[in-house]
Amino acid sequence: MEDVRTNRGADIASDHYLLVAKIKLKPKKHWTMGREISRSFNTAFLRDTNKLNKFKIVLSNKFQAFHDLLNGEGTTLESDWKGIEEAITSTYHEVLGPKKHQHKQ
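Counting along the sequence shown from 1, when you hit position 54 you're at 109 in the numbering used here, and nothing is skipped either side.
These are calculated hints, taken from the structure and not from any lab test. Some hints could be false.
[Said to hold, decoys possible] Below, in silico cross-link-like pairs of lysine-lysine (DSS-like), each with a Cα-Cα straight-line distance of 25 angstroms or less:
| # | residue 1 | residue 2 |
| --- | --- | --- |
| 1 | Lys109 | Lys77 |
| 2 | Lys79 | Lys111 |
| 3 | Lys117 | Lys137 |
| 4 | Lys117 | Lys106 |
| 5 | Lys106 | Lys155 |
| 6 | Lys81 | Lys111 |
| 7 | Lys106 | Lys154 |
| 8 | Lys109 | Lys155 |
| 9 | Lys137 | Lys159 |
| 10 | Lys111 | Lys154 |
| 11 | Lys83 | Lys117 |
| 12 | Lys137 | Lys109 |
All chains, please: the whole structure from these sequences, using the hints.
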């Protein structure tokens, strides 16, 4: 409640008064189920030239295989994007690995 006031009206021999209130409502958040958790990868390994070169080679090989697969059939934009996304995330998992969290003690 932000503000509450009473307004006295005409005197008609009653003990009731008009009550005016301002209320601030905060709507609840709408949680969507099935939302995928974002993944973080250890990108600090990309500063190392050996890891960077390995990452580039593996990614180019996956893109080449994906490109060869696309030439054979008529696909939709959505399926193309899913293939590109899968190639990148699988390369990150393969070469870099997940980011390790540092917990404070």
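Here is what the structure says about each hint:
1. Restraint check for Lys109 and Lys77: not satisfied, since their Cα atoms lie roughly 63 angstroms apart, outside the 25 angstroms limit.
2. Taking the CA atoms of Lys79 and Lys111, the gap is near 54 angstroms; set against the 25 angstroms cutoff, the hint is violated.
3. For the hint pairing Lys117 with Lys137, the CA-to-CA distance comes to about 13 angstroms; that is within 25 angstroms, so the pair holds.
4. Taken as a hint, the Lys117 and Lys106 pair is honoured in the structure, with Cα atoms around 16 angstroms apart against an allowance of 25 angstroms.
5. Of the pairs offered as hints, the one joining Lys106 and Lys155 holds, with about 17 angstroms between alpha carbons and a cut-off of 25 angstroms not exceeded.
6. Restraint check for Lys81 and Lys111: not satisfied, since their Cα atoms lie roughly 49 angstroms apart, outside the 25 angstroms limit.
7. Under the criterion of a C-alpha separation no larger than 25 angstroms, the hint pairing Lys106 with Lys154 is consistent with the structure, at around 15 angstroms.
8. Straight-line distance between C-alpha atoms of Lys109 and Lys155 comes to about 21 angstroms, which keeps the hinted pair within the 25 angstroms bound.
9. As the CA atoms of Lys137 and Lys159 are separated by approximately 37 angstroms, the hinted pair breaks the 25 angstroms bound.
10. The suggested pairing of Lys111 with Lys154 holds, with an alpha-carbon distance near 19 angstroms, which does not exceed 25 angstroms.
11. A threshold of 25 angstroms between alpha carbons decides the hint, and for Lys83 with Lys117 the separation of about 44 angstroms lies outside it, so the pair is violated.
12. For the suggested pair Lys137 and Lys109, the alpha carbons sit about 23 angstroms apart, so the restraint of at most 25 angstroms is met.
Consistency note: the structure conflicts with the earlier hints numbered 1, 2, 6, 9, 11.
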